[in-house]
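Asker: Residue numbers (my numbering), protein chains in the order written: chain A, 22 to 357; chain B, 22 to 357; chain C, 22 to 357; chain D, 22 to 357; chain E, 22 to 357; chain F, 22 to 357.
Simulated from the structure, these hints should not be mistaken for lab results.
Ideal Cβ positions, reconstructed from N, Cα and C, are used throughout, including at glycine.
A hint or two may mislead.
No more than 35 Å apart at the CA atoms, straight line, and that leaves these computed lysine-lysine pairs for DSBU-like [to be verified]:
1) 229(D) / 310(C)
2) 79(D) / 31(F)
3) 31(D) / 54(B)
4) 79(E) / 54(E)
5) 31(C) / 79(C)
6) 54(F) / 54(D)
7) 54(B) / 54(D)
8) 54(B) / 79(D)
9) 310(D) / 310(F)
10) 310(E) / 340(F)
11) 340(E) / 310(F)
12) 79(B) / 31(D)
13) 340(F) / 229(D)
14) 310(E) / 340(C)
15) 54(E) / 54(C)
If you want a taste of the chain B side facing chain D, the calculated C-beta under 8 Å gives, among others [claimed, not checked]:
16) 48
17) 241
18) 244
19) 245
There are 6 protein chains.
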Amino acid sequence: MAHQLISHLKEGESVHQFFLVRAAETRTDKSGKPFLTLVLGDKSGTLGARVWSDVLAKCPGPFAVGDYVGVQGQVSSYKGELQITVQYINSVEALKARGRDLKDFDPELLHLATPYDRQQLWQELWELAETHINPPLRSLVLGLLTRYQAEFMVSPAARLYHHPYLGGLLEHTWSVARHALASLTVYPDLHADLVLAGAILHDLGKVKELANPHAPEATAPGQLLGHIVLGWEMVREEARALNFPDPTLLLQLEHIILSHHGTLEFGSPVLPKTREALLVYYLDDLDAKLKMMDQHLQSDTGEGDFTSYHRVLQRGLYKGGERPQTEPETSPESED
Amino acid sequence: MAHQLISHLKEGESVHQFFLVRAAETRTDKSGKPFLTLVLGDKSGTLGARVWSDVLAKCPGPFAVGDYVGVQGQVSSYKGELQITVQYINSVEALKARGRDLKDFDPELLHLATPYDRQQLWQELWELAETHINPPLRSLVLGLLTRYQAEFMVSPAARLYHHPYLGGLLEHTWSVARHALASLTVYPDLHADLVLAGAILHDLGKVKELANPHAPEATAPGQLLGHIVLGWEMVREEARALNFPDPTLLLQLEHIILSHHGTLEFGSPVLPKTREALLVYYLDDLDAKLKMMDQHLQSDTGEGDFTSYHRVLQRGLYKGGERPQTEPETSPESED
Amino acid sequence: MAHQLISHLKEGESVHQFFLVRAAETRTDKSGKPFLTLVLGDKSGTLGARVWSDVLAKCPGPFAVGDYVGVQGQVSSYKGELQITVQYINSVEALKARGRDLKDFDPELLHLATPYDRQQLWQELWELAETHINPPLRSLVLGLLTRYQAEFMVSPAARLYHHPYLGGLLEHTWSVARHALASLTVYPDLHADLVLAGAILHDLGKVKELANPHAPEATAPGQLLGHIVLGWEMVREEARALNFPDPTLLLQLEHIILSHHGTLEFGSPVLPKTREALLVYYLDDLDAKLKMMDQHLQSDTGEGDFTSYHRVLQRGLYKGGERPQTEPETSPESED
Amino acid sequence: MAHQLISHLKEGESVHQFFLVRAAETRTDKSGKPFLTLVLGDKSGTLGARVWSDVLAKCPGPFAVGDYVGVQGQVSSYKGELQITVQYINSVEALKARGRDLKDFDPELLHLATPYDRQQLWQELWELAETHINPPLRSLVLGLLTRYQAEFMVSPAARLYHHPYLGGLLEHTWSVARHALASLTVYPDLHADLVLAGAILHDLGKVKELANPHAPEATAPGQLLGHIVLGWEMVREEARALNFPDPTLLLQLEHIILSHHGTLEFGSPVLPKTREALLVYYLDDLDAKLKMMDQHLQSDTGEGDFTSYHRVLQRGLYKGGERPQTEPETSPESED
Amino acid sequence: MAHQLISHLKEGESVHQFFLVRAAETRTDKSGKPFLTLVLGDKSGTLGARVWSDVLAKCPGPFAVGDYVGVQGQVSSYKGELQITVQYINSVEALKARGRDLKDFDPELLHLATPYDRQQLWQELWELAETHINPPLRSLVLGLLTRYQAEFMVSPAARLYHHPYLGGLLEHTWSVARHALASLTVYPDLHADLVLAGAILHDLGKVKELANPHAPEATAPGQLLGHIVLGWEMVREEARALNFPDPTLLLQLEHIILSHHGTLEFGSPVLPKTREALLVYYLDDLDAKLKMMDQHLQSDTGEGDFTSYHRVLQRGLYKGGERPQTEPETSPESED
Amino acid sequence: MAHQLISHLKEGESVHQFFLVRAAETRTDKSGKPFLTLVLGDKSGTLGARVWSDVLAKCPGPFAVGDYVGVQGQVSSYKGELQITVQYINSVEALKARGRDLKDFDPELLHLATPYDRQQLWQELWELAETHINPPLRSLVLGLLTRYQAEFMVSPAARLYHHPYLGGLLEHTWSVARHALASLTVYPDLHADLVLAGAILHDLGKVKELANPHAPEATAPGQLLGHIVLGWEMVREEARALNFPDPTLLLQLEHIILSHHGTLEFGSPVLPKTREALLVYYLDDLDAKLKMMDQHLQSDTGEGDFTSYHRVLQRGLYKGGERPQTEPETSPESED
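Next comes chain A alone, as it looks inside the complex (with noise of 0.2 Å):
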């Protein structure tokens, strides 16, 4: 049975499909029996399940955070909301033992992810690099790029906010540092191999803030160091390894890292002193807002001119007016 879409079910609808166990737990009923409640997700979004007791005693699991499972339910309303009422589950996994067909299937769909072609991201953000960026800074940009790709092609940009989901870094990274290029032919007198070095590498600590990019959450180092000086070390550590030949150069980018965030209250520790600094500091908070007004414009479901209040924004979103029909250089992959 073909997938479709979390973000495409409604209400009434039947779904025969796998998923991804993103939450789950026991609770127990005014009669004193288990039931589960269950967070599903695909690469669409996510949605809540009951298993309710009777169905719990055929399909008893167990389900844990991060299993895929096969599902049969109904999708019902339930306070506003969808879920869907499970009327059998299994992992996977159990199904493979048991010699089911699972030719339908496919991980990928169900992992929320940048709609974007990651490799072609990866290319055209090392090009941009190769191209654009002279030595020294090159030689620097390149080697940790290919230290940390493998994280790099994974890691989520935040773990709620904005682009939170695979790829979301590099994503993230690739709009930024299209629009540092963009920029500096409006600012030709700034220092672009900076802007550029910073622009590609101002949230590389998020590698090591972020673990688990299917479903993002913090590791202690991420919390009790964050993002920003861990990356501020790892771009300090490859010049160490590198040699690299102009201190002054070095540390004005190292500044570029540690004051991404523009002021103290959001936890840089200096404030931007070089232009360069100034500018990728706005080129990275603009591109996260408007990936968050996108993804509540996207996520809006309601009637009416303007969505529903966003918590960190602090402001409904305008809905209305049509958009003009436009080409994106690089268009994000169909979905089904």
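Given chain A's structure and the hints, the job is docking chains B, C, D, E and F onto it.
Answerer: Chains B, C, D, E and F only, in chain A's frame:
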């Protein structure tokens, strides 16, 4: 005698040239005799001057703000700042009446002004609008540019903080508009016409907020109403005059004007609630801050790697590090 | 059956009367059957209701926001709040079609509205303007009142926080204007015409910011432009239409409208820079806050000397202490 | 020689009259000789003065803060401010000892003071309390007024910001109390006795916070405890002395005193939690701000439509626009 | 049956023991029958309970806040929190009347209380004051401790945030006073008597701010006046009663009480202006925050290295890392 | 001639002794002749000096920041501050070259420095670490102290605000560490090794942030990276060099360094999330603030019970009240 720019004067030098009077005040010395303190300006900056009582007796003036004057004097240092001890002073008008040789008198040299060719900036801005904005916003933008061209060519972008000089508004708008065009290559799903129209018109109200471009000061409507609502009204009236056909589109453009300061604390009556408004806010703010940094770095004459504290940016700036040579697309005019 | 006010209902009582539907949503129960949750309202408040699946089968509706409905049911308590378990429900329209007796149906009882007689408030406001404001501001104020009378008679003063009901804007304006008149006896050197015109017109833009007075919601211009600038434009256009003879006086009135939120953080694009503007700001803010307190004290049903925490005022209020008996000048209408 | 008010002095005039010494300091000139800098005051303001070494040799003083002095001198301008170059100076005490003619000496002219007749203000305040406050609060208020009448008649309302002069507290209290009476006509369901008692007593602690009404300074208890708690204690002790019969009513009055700064940031240990407390807070704050504006407008001598920046109000004020002629109920005394 | 601490209960266990009723509410189920929701407490925490209609019919109560009850039931889980499904419930009073065996009933086990022996804490606090504070402050402190001993022994330190239990004020004061003594060894030039008296008396007003130590709630004076000024008055009155001989010293102690919240935003009417006041502020705040952290760490039952978000501290806490074994000087009593 | 401390100089005295040049600038007087303004310093403070043109002709210098100079002159007062009118000045180097008697020249007297014996502070700090910190943190702390001993012995604790002098970092660290040891007796369940290591190492990065201990200035890394991350890296590198065996323990120590400013606004990239980190933050902040108060009280020379306003603490301080005599454990060296 060739004009020496104020920014190039040094202690101990003699001057014999023209200035613009930016401030003037008569005081009384300890023995009860009057003397004159002046602030003199040219396109590169301002400088204090003293006309002691003996000189004042021979050169009684009067000298008022806005007068052009011919001055002979000596550059000295007082409390760490240069000033001119005047040996002779007279107004250009009086000199002309006396038939003096004024061939070296060039008012253009005496006004603080954008370093760019204003005709060229205007041409580029106009072409950007004509080429990249589609109807119906194209005619709205071109209509407003036409209607306010005279003011737009001379108005500063702010009284004090950034681009506070002849043509400052034009330079700032040109910069923001070109940046917007560049940003749209990175965010192609934004409404390009709205972004470009917003970028060009966001500060239009400045032409009513500020008067006297040679020595900018706020008008009464500027202080009691502010440029944000004044500019909004200008857009709204032009649209009415043009019978603008798309009220929803117009509303979104108006929203960009009103929200372009980004937060209520900075005087926008509404927060940006569209991605287009958010982008214009960031590009405007970024250009202003980069210019403030530029101005502060250029006005710094001290030693050490850092400038003095900048009161608005609330930080000192880093001066160290050499810049690579660049070829700006539109180069500022040469200064001699 | 006589209407029982929602604010007077108690657990265990039966109801058999009319309501206004303020919200409606269909959900699915555990067994997959649909049921209906409603919010019902009358002039005294709102209340939740449940139409379980068996009742819903007999009374299928549909029921939409804004419908008048006849209801039979039982008042019960759920999570500490009262709600109605519905035994029968039908729309007034359907009942009418069936020829049922609707003599007890009185829409006035079902709308949240000012407790005052709106005609009388309007009369008093008009007389205040006519008597106490001198030309040329008198004709400007009366012109605007005339032009927007219809909207002014019904508009709420705010969507949620204070006077959020039919005639709320009128009640608030009447109160602020009368207070302004009283304040002028203490500050006789203020410009009385400006203070009174400002007090009457300060919130005029609300008639464009808010729609649907029976269940107030913000319009798109309301959210994207805000009532402050909308009201300012209304004043400016009326003045143009009247060929208002004193531009300086007009500028000061416009300044009162734009600055009447008192601080930038609260959405005024400029700070009050005249004493008249300062006074109007204080009287507006005070009236809104006193009303919020009133509303919170009246909605409180708990025990103890203090109300629950008020989210906007950020405090609980003191309920203790008896009030001396007073004779209000204009008494709210009786409620039966 | 008739007294010329400091606020009326102009550059170039001669003075020959009496002043109050508000500050005095001996300095050394470049040649090592001592000279004297003074701040001289009268009821209209203050002014700097210099007694150069040659004059000082003949008029050695000493001159201390609080001394009355006779002065001959010349009004000149220094750094944009007027000052007196003294030709002769002696203390009134010394002049008296020498039998000089002191018929023009009138201490009342030399103290900064309320422009109103303090006896009349006191009379009106007393009558307001006696007429409009009911028992038991009436006797509490009258008891406190009686007990602190002497201090109340002279105390300023603040050291610097508003009403910083002889009788300032009385003028401010009289104004707030009259406004409270006027406001009660608009909000008749408030507890009138509480509002009026709160309005009259809210700043009572000022008589202990500030000393030396001619040149106000904070006392040690004023700085370490503050007028809010000092005033609260005064009310509480008076109530105890009177065996005040209604503890709940008293508690509400005490709450008004403690919360009258409206927010914690401004020094109230509790937020206003009753409508009566809220009203007194607004009326107090409004009167102080209106007075600050008044003072700033009156002290402004510059050109243009706007005053200089007011550091506390954080804005310049609009001076433009003519005021219609008014007849204040209680006119300030004429000044000559 | 031995008492099982609430903090040790697990899903699926049976309980048969005594509790304190902390909250009680009757609701109606879908079929219209009443059921009871309770919050039950013991010294280790609180827990929800449900008495469904069938059980309620047999055990009709009534059950009010503050009642001791005997309960039989089953521990289940609801929305991730444990609760008791009650099978039998009756009040201790009723059980006593029926002659039931109450030998296991121990009220001490049922009150949330400091884990320390309150007599011992009191003894240590008293000795600290007696040994280390010199006259005349010694008798002031001992006088106040004597006068308010009864309240001091039971009062919590706060209603919710830290030490919100029987004896909490005593435990907090004991801790701050001992820390103050330790700090004086590092800052020996501070006035030791002032520091110690301030540390012991800083929160004295809590005994008037909070009532009902078993289930703390704010009094009307507590909410309308606050513990800071109430405590200040208590010190002032004791000093008057003792004819305290050194008014300057007393003023400094009063200042410590009033300024001990450190900033105006947190309710102190004055900022600390002496080093002694600054030290007491830091030690008080530190002890409260450390206790909040303690309480949050101990109440955390989740997995992972970090606790849930703490609303007041605005962060999650790190749980990882083992603590070395320590021997506290005064060990909390054992819990079984 | 014996050295008179700057802090003891009085108007009218003669000086004949040595100073350190802290600032120097040549200016031009009205007649166009150069004169010299200096800031001279010794261990007790700084003082302005003027070398007028006639003296400068005889003593041409040059005099640069950091030079020791012998000076004869006269102490006078200018705008309320003392300054020296120089009659003779020469550098110690030149005097030495001329064979002058320099027996009174003692550089130790000329540097602003901690009043304590630095060797003794170091000894006590070392012993505290050696005695009270267990492995493995002991060797980490001692390793870092050893590695940075030279810098630690001279570095100030801050450029301006507290301990801004030779040995200031050592004095501050010694104070915080001793306080930490004392606090642990009150909070015995904290991890003592972490607290002590954190207390000793929290400001270690200052040795890289600040240069030139005799006249502290920020380094470029200090301004672009900040001492917090610099210190963190130093700890991390030492741990790597030592092959530190307990990564979880190390992480907690690193967290203390990074979070020790307590809030993001004050430059910590993370909030304290352990009780150990919270304690170190409070003890550091308290010591800095107490020292600021100390410094301000000692520098105050005015009359009255209160100091002038302290710009950082945002308050004036209370000077009144006598201190009881105390015997500090480690007394500051005597000053003559």
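Asker: Hints numbered earlier in the text: which of these fail when held up against the supplied structure?
Answerer: No hint contradicted; all consistent.
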